[in-house]
Amino acid sequence: MTEPAPAADLPEDVRALIGKAQYHETATFPVEMGYSYNTLAATENGNPLYWDFEVAEQLTGGMTLPVSTLSLWMRPHRWAPGATGEQVALKTHFDLKERLGLPEAIMSDNTLIGYEPVRPGDVISHHQVLRSISDVKTTKLGTGRFWVIDVEYHNQNGDLVGVESYTGFGYRRSTEVNS
Amino acid sequence: MNPQTSAATGSPATSSAAMDNTGTDKIVLDQVSAGTVLPPLGYDVSATTVVLGALASRDWRPMHHDHKFATERNGTADIFLNTPNLAAWFERYITDWTGPKGRIGRLTFRIRDSVFPGDHMVFAGTVSGTEIDESGCGWASVDISVTAGDRLCCTCTARVALPTDGTDNPWTRRSEDWKP
Chain A
2 MTEPAPAADL
12 PEDVRALIGK
22 AQYHETATFP
32 VEMGYSYNTL
42 AATENGNPLY
52 WDFEVAEQLT
62 GGMTLPVSTL
72 SLWMRPHRWA
82 PGATGEQVAL
92 KTHFDLKERL
102 GLPEAIMSDN
112 TLIGYEPVRP
122 GDVISHHQVL
132 RSISDVKTTK
142 LGTGRFWVID
152 VEYHNQNGDL
162 VGVESYTGFG
172 YRRSTEVNS
Chain B
38 MNPQTSAATG
48 SPATSSAAMD
58 NTGTDKIVLD
68 QVSAGTVLPP
78 LGYDVSATTV
88 VLGALASRDW
98 RPMHHDHKFA
108 TERNGTADIF
118 LNTPNLAAWF
128 ERYITDWTGP
138 KGRIGRLTFR
148 IRDSVFPGDH
158 MVFAGTVSGT
168 EIDESGCGWA
178 SVDISVTAGD
188 RLCCTCTARV
198 ALPTDGTDNP
208 WTRRSEDWKP
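Chains as they are written, first to last, in the numbering used here: chain A, 2 to 180; chain B, 38 to 217.
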């Protein structure tokens with residue numbers, strides 16, 4: 002796919018990140034059903050594929066997890082021994098906020114593609130690729146830039162389990178509020 | 038009255054009772070075509086809904102649980118549903134319709150406005166097309182909207198695999214036979 006040309010006024014070190022795979026990381030804990038149940042409960046999702054072992058065994062050869070839980074395995078604990086500062090997921094997104102001086106951010110678009118099903122006991126790894134950064138834009142939230150970050154997820158066997166693409170908007174509010 | 042419609046408001050009823058997805062052979066590809074309308078799903082969003090969804094997806098960012106942060110720092114009206122939880126709601130909406138043999142290949146959604154506590158969010162979907170790919174997998178493309186009152190909050194396009202007949206099972210497809 003052809004990516005748009007990088008915005009001309011971007012710092013060189015930021016331009017250099019475009020297309021570069023970063024943050025090759027492996028989850029700190031294996032996939033477990035508890036988070037599946039949390040997600041299913043939060044959305045009142047009664048799909049028996051995820052609740053009934055016999056249905057899961059019949060259809061997929063065992064329990065799997067909802068594809069929408071893909072990203073959670075790579076999200077760090079809010080706190081961990083020895084860690085300092087806020088632990089965040091999708092670090093490329095937070096790097097861009099800091100480097101471009103855009104204190105606030107939201108996600109505007111998400112694409113989620115499911116491949117090999119994720120199963121309890123899997124250990125997920127991922128990497129992130131910054132695909133593009135827009136020119137400066139102004140929305141109702143403030144002035145900033147949109148960026149697209151792709152994330153590719155694999156299991157412990159190297160099988161591709163999913164790909165996500167996020168569009169984030171980092172911005173500075175029109176009337177900046179200090180925190 | 039449509040059993041999925043609230044008698045009091047005429048809008049889609051709340052909660053999981055709106056749809057039942059316990060059958061494994063709920064829909065096969067032949068039963069759907071462009072224009073097929075999915076049953077709507079309405080849900081009353083509370084602060085608990087937002088926080089449950091954020092924590093379930095291990096999203097600890099404060100705009101999804103801290104009203105003061107969301108309003109004073111982010112400039113939003115309230116805490117709001119986070120992106121992975123929205124994906125989970127789309128997943129629930131789609132598989133409520135397909136049953137467990139439905140296998141989501143791809144979800145692409147745009148968040149046009151946030152979903153806040155106090156909103157009655159309504160999912161509505163229409164099949165835009167069907168196909169059988171070269172490996173024999175049956176697919177339906179579905180356009181979905183999420184509204185809250187007169188606000189269009191999200192639009193989504195989903196590509197979901199459906200069994201082509203009573204013996205087919207999209208979950209058996211692997212590697213080159215799975216083209217999401």
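Be aware that a few hints might be false.
[Claimed, not checked] Below are the BS3-like pairs computed for lysine-lysine, each with C-alpha atoms no more than 30 angstroms apart in a straight line:
| no. | chain 1 | residue 1 | chain 2 | residue 2 |
| --- | --- | --- | --- | --- |
| 1 | A | Lys138 | A | Lys92 |
| 2 | B | Lys105 | A | Lys98 |
| 3 | A | Lys92 | B | Lys105 |
| 4 | A | Lys138 | B | Lys105 |
| 5 | B | Lys105 | A | Lys141 |
| 6 | B | Lys105 | A | Lys21 |
| 7 | A | Lys98 | A | Lys141 |
| 8 | A | Lys21 | A | Lys138 |
| 9 | B | Lys105 | B | Lys216 |
| 10 | A | Lys98 | A | Lys138 |
| 11 | A | Lys98 | A | Lys21 |
| 12 | A | Lys21 | A | Lys92 |
| 13 | A | Lys92 | A | Lys141 |
Just so you know, these hints were derived from the structure itself, not from any lab. Note that the coordinates shown come from a computational prediction; the quantities given were computed from them, not determined experimentally.
**Prompt:** Which hint numbers doesn't this structure obey?
**Reply:** 6, 9
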